[in-house]
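Place chains B and C on chain A using the hints.
Single-letter residue listing:
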Amino acid sequence: MGNYLFTQPFFKKNGKAVAIYFLVAIVFWFVFLVIIPQLYMLDLSFRSNVPPLARGGPQDFYTMEHYQHFVFGSKTSLEAFNFVDLGVFGRTILVSIMVTIANLLFCYPIAFYIAKIANPSTARLLIVSLIIPFWINELLRSFALRILFANEGVINNFLTGIGVIDQSILFITYDIGLYTGLVYAYILLMMFPLYNAIESLDINQIEAAKDLGSSSLRTHWRIVIPHAKPGIVSGCTMVFMLTVGALATPVVLSSPNTLWFPQLIYQWFNMNDNWSRGSAYSIILLIISVIFVLAMMRIFKVKIGEIIK
Amino acid sequence: MSADVELNNVSVTFGSFYAAKSVNVKINGGEFFSFLGPSGCGKTTLLRAISGFQDPSEGSVLIDNKDMFGIGPNKRPTSLIFQNLALFPLMSVSENIAFSLEVRGVSKKDRQKRADELLELIALEGQGEKKVHQLSGGQKQRVAIARALAVEPKVLLLDEPLSALDLKLRQRMRTELREIQKRVNITFIYITHDQGEALTMSDRIAVMNDGEIEQIGPCDEVYNNPLTPFVATFVGENNPLFGTVKDINQNKVKIETPDGDFLSTMNENKKLNIGDEAIAFVRPESLFIPRDGDNFDNQIEVNIESFEFEGNIKNFYATLKSGTRIKFSIPNAIDTSSISSGTKLQLGFESIKSSILPKAQLAID
Amino acid sequence: MMGMYIFIFFAYLFGPLIVMSITAFNSAEFPSISPWECFSFRWFNEGKIAYDGQHLAGLLSDWRLHDGIISSLIIGAGVVSLSVPIGMAAAIVLTQVRSQLRDIYYSISIMPVLFPGVIIGISTVVLWDRIAGLGGDGFISDVGRNGIFLTILAQTCFISTYCFLIFVARLQRFDQTQEEAALDLGATQTQVFFKILVPYLMPAIASAAVIAFLFSFENYNTTVFSILSDQTLTTVIASKVRLGISPALSALALTIIALTIIAAVTYEILRRRSEKKYAQSQEIFVKEKAASGRINKEYKAGFKVPKGIVAILLVLVFATYGATQIVKNDLYGQSCIDAADQEKKSKFLEQLQTLESNELTEEELSGGSLGGTEDYGDIFGDPSLFQDFGGFD
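Residue numbers (this note's numbering), protein chains in the order written: chain A, 1 to 309; chain B, 1001 to 1365; chain C, 2001 to 2393.
Extracted from the complex, chain A is given alone in its bound form (with noise of 0.2 Å):
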């Protein structure tokens, strides 16, 4: 397997016991942890819904019912389409991408800031303190938004407090809670892929354009987006790719009226034990996801590898 596989034959090159090591891991890995299950995953995706013990039986059959569930809803159902599921899993691409937009037209002035324009003990002071929130588990941070938007919560006990509403404004009942958690959650992803971008360039460039007449606005435009293009493209997909998943957040902060595509699935699964249900809905979810990494790569024309590193 040496030649093709690798550039020094395998087993020389690292000894027995370590070249041992090496491929029990990366199989067990790649195979087991990666592969595996996925596939098993997809296979269960197209089976009918039957209990544990019946699996194997006349009852365990292959179908397309639970990506036909998806589109046109329960067979029962008056209506065409399946409007529910279909809506929930709109409004949760559509709102992906909004707070993917959202975290980068917020991003990006500061991370030009830290990148060119803070002296650097400055500079090193806002990243620090943009890395803390971080450290604290998603779940807590949203908590602490809802602490401030609940019903009874900060803010609405500081505006009447303070006589500027009479009623409170019911922040969780219209999401609006969930849009700002989302936007929390992941925006460190956009940050530090957006500065690492920036920081790379140099500061000639910047002089140069501006030497040459160009406008503030246009030089980001011309010199530092197309610079900075990688990072962007990275930042967008992770974002979008962790809200579009996110469950943590809409648990704690979406109303209880609405859903998140992930929560769906958590119902079919957890709730309605429908296993294979919940697979056919991660398995769109999926696709949908790869969809999304691969558009970005053809588009933007960056290797994965400038996505996450």
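Calculated from the structure, these hints are not laboratory results. Possibly wrong hints are sitting among the right ones.
Claimed, not checked - With a Cα cut of at most 20 Å, we get these calculated PhoX-like pairs of lysine-lysine:
no.: 1; chain 1: C; residue 1: 2195; chain 2: B; residue 2: 1131
no.: 2; chain 1: A; residue 1: 13; chain 2: B; residue 2: 1075
no.: 3; chain 1: B; residue 1: 1344; chain 2: B; residue 2: 1327
no.: 4; chain 1: B; residue 1: 1075; chain 2: A; residue 2: 12
no.: 5; chain 1: B; residue 1: 1168; chain 2: B; residue 2: 1154
no.: 6; chain 1: C; residue 1: 2195; chain 2: A; residue 2: 12
no.: 7; chain 1: B; residue 1: 1154; chain 2: B; residue 2: 1131
no.: 8; chain 1: C; residue 1: 2195; chain 2: B; residue 2: 1108
no.: 9; chain 1: B; residue 1: 1271; chain 2: B; residue 2: 1344
no.: 10; chain 1: B; residue 1: 1344; chain 2: B; residue 2: 1359
no.: 11; chain 1: B; residue 1: 1075; chain 2: B; residue 2: 1154
no.: 12; chain 1: B; residue 1: 1321; chain 2: B; residue 2: 1344
no.: 13; chain 1: B; residue 1: 1353; chain 2: B; residue 2: 1327
no.: 14; chain 1: B; residue 1: 1246; chain 2: A; residue 2: 16
no.: 15; chain 1: B; residue 1: 1271; chain 2: B; residue 2: 1359
no.: 16; chain 1: B; residue 1: 1108; chain 2: B; residue 2: 1130
no.: 17; chain 1: B; residue 1: 1254; chain 2: B; residue 2: 1270
no.: 18; chain 1: B; residue 1: 1130; chain 2: B; residue 2: 1109
no.: 19; chain 1: A; residue 1: 13; chain 2: C; residue 2: 2195
no.: 20; chain 1: B; residue 1: 1314; chain 2: B; residue 2: 1327
no.: 21; chain 1: A; residue 1: 16; chain 2: C; residue 2: 2276
no.: 22; chain 1: B; residue 1: 1246; chain 2: B; residue 2: 1270
no.: 23; chain 1: B; residue 1: 1254; chain 2: B; residue 2: 1321
no.: 24; chain 1: B; residue 1: 1075; chain 2: C; residue 2: 2195
no.: 25; chain 1: C; residue 1: 2276; chain 2: B; residue 2: 1131
no.: 26; chain 1: A; residue 1: 229; chain 2: A; residue 2: 116
no.: 27; chain 1: C; residue 1: 2276; chain 2: B; residue 2: 1130
no.: 28; chain 1: B; residue 1: 1130; chain 2: C; residue 2: 2195
Said to hold, decoys possible - Which residues of chain A face chain C? A few of them, derived with a C-beta cut under 8 Å, are:
no.: 29; residue: 37
no.: 30; residue: 61
no.: 31; residue: 137
no.: 32; residue: 241
Source: prediction; values computed, not measured. C-beta atoms are modelled at their ideal positions from N, C-alpha and C, and glycine is treated no differently.
Structure of chains B and C alone, referenced to chain A:
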């Protein structure tokens, strides 16, 4: 203990690229042998073939008459000193030196003893506890040598270890290396692109170009009687005079060039015939300004363009009639203050100090 | 304008956390600031039994939280001991695969972090449920249905990638001639691995272990599926939040914030120290850094001792001032809490009387027009509470 090293028809290929092509050389036990050549000429590849990092694609490497094929670097009686020294930064100086003993399971006490001995050899007594980064460049160099010598190898291989040092230190290390070699009396195989290093330290050198050996011999022989135009121009400086062979008388050859006819000496291994295209070489230090009573075999008319003062000598750059540029050096002891740019001069050189070779590629600086 | 924007941005980042931290010290049942009841540590201790009989556990008395923390620790240890060796092996092998295959290999290695966490959890569970089903009633069946075991596997799947990336970054700076030098000096390949490569990777091993543990400890999306009937810290928190928000969670969050900051600072100090050591051993590296990294250059300047002292003094002054205010206004201690409870109890009794005298109001109250029902856990809507209440004096 030293060992002979023999390369029999060694070729090393990477895909279709020949890094070394049919190399034959026999290095005697206890010899200081250098491979000299420009970067990319394949000398490092040969060193890796000897040390065991790269088995030859064809031919064989023999150490002490034993074929080394398939024997890894950790099982060969050779030690390699790397270009960047590759000292282990996380270990102390002593641990570095005794590493080869540690991996062979030698007891800690014996290791320490051997490390102390070697520290003494390299004049770094009592500094074994230091970390590598606390040493100066020259000290690191010596630690690398001590580390390589700790297992008493039969052959020490050195891959341009002096290239990172400054000039003064490099010159001192040359002498030191030579002394260490005499003291431990093992075979040294040295690789360099610096002809000064090769000439000052080696017993014999092999000049390499494009994966092939152009010439093997003692330093003075290679310098005085180069076998190819490449060697003539790579080892030391040389002025080439291009022309055709006009007359041959035993080993004296007359060459016709646009700047006149010159008498030169033919190498007996590189026979020429009348009418062949050839190059006559004359070194800068072999060109003289004739004084009264001097009678040179060859006369050459030059037009001085510029000069530079180098201390012990003064270098002059001049053009010939045809426009060919040549360089000559005059010892500082001789008064040359009357010569400046634009001066026309008559130079002379002896045919015995000039060699003539069939036309071929020169070394490009 | 930029300054203003930065201020708002950081207020957005820190504001919620600070508010939450403050609410942990308010003795009121609902995490809040503006109706400040009493300053109290009760949410870090036993919590309280509310005037209406409801028990609100504090940090110390919450056994579910304790169980969750213990499972989280076990899982964290398991994940570290699997994902660090896996990440290391994968990163080292990356340096050895042929260049044509490197992109594919790299893509596979980073794929798991691109999978949504819920999917990793689900796929692990469905696979192992199947395996457990095949194995009959024996050991395999137990293992396959063990939430802690499944969670370790599921988390290892993607946390290995983070470890992998840490090792890749460190290996990029590795001087491979050191391996060759060791080989040349007679070391076997195994010795090269243990005596040269592993010591070199030590800082990365430490970083990877810390990162792996933290990622494991705070993971929810994957864990909530793979943990099955067990509980980890995050799933306990999530189920608590869903039931209604309590200041005990603020107290927990503040504790975790304090611990993570301490851990992060310690880690940062250790990392910097080892990096400094490394940098010293590679003088050239230092020079490069000094030339390129404007941040590193001024690093020390940013943390001068005087500034630190000023900050500490400021904090001390504020703390003393705050403490004296609290004591002066009798906002601290049992007397304050008793008073507050007494007031609430009488208010509650009043309401009860009004309820009894006016049937219509009851309907209105349970309908939720007070606005607080959702967060108080519908205590007014539950008639059984009124029966139980009789026992409370």
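Practice task
Kindly indicate which numbered hints from before are broken by the structure, ordering the numbers from low to high.
Solution key: Failing hints, ascending: 5, 7, 9, 10, 14, 21, 30.
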